[in-house]
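Colleague: Counted from 1, the sequence shown has number 139 at position 26 by our numbering; the numbering is strictly sequential.
Please note: incorrect hints may appear among the correct ones.
Derived pair list, reagent style BS3-like, types lysine-lysine, alpha-carbon separation capped at 30 Å [as the list claims (entries may be wrong)]: (1) 205 <-> 177; (2) 127 <-> 148; (3) 177 <-> 166; (4) 206 <-> 183; (5) 177 <-> 199; (6) 135 <-> 206; (7) 139 <-> 166; (8) 205 <-> 183; (9) 135 <-> 166; (10) 148 <-> 210; (11) 172 <-> 205; (12) 139 <-> 153; (13) 183 <-> 153; (14) 208 <-> 172; (15) 210 <-> 152; (16) 183 <-> 139; (17) 183 <-> 208; (18) 139 <-> 210.
Just so you know, these hints were derived from the structure itself, not from any lab.
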Amino acid sequence: MCVALIGGMDRLEKHYIEEANKLGVKLKVFTKPEKDVHKKIGNVDAVVIFTNKVSHELKESIRKNFSFKKCPCLMCHSCGISSLRKSIEYLKKIKEKEEDLK
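Please work from the sequences and hints to get the whole structure.
Modeller: What follows is the structure, given as structure tokens:
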């Protein structure tokens with residue numbers, strides 16, 4: 114499973130990746146404002162947005178330019194490691210349920 118993380122804190126980027134690896138998830142982290150970040154996200158299974166660390170403009174850009182019909186998008190106000198862990202665990206449960214329905 115591959116998840117894109119938008120927002121968060123620069124100093125925690127390494128820890129975000131380590132925590133995702135422990136949970137068996139590949140994580141693409143975008144903590145800094147980047148031009149056309151929605152294009153750089155690429156092919157992922159889900160998107161997590163830490164809303165307290167990104168601009169309203171960036172959130173809207175991702176919502177408008179990224180197809181969430183293909184994958185879920187979670188928005189979380191806090192940006193700690195535990196918030197990421199809970200988000201990933203929730204996304205994994207969703208994916209398991211989808212696979213059970215197939």
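Colleague: For each hint given before, does the structure comply? Return the numbers of the non-compliant ones in rising order.
Modeller: 10
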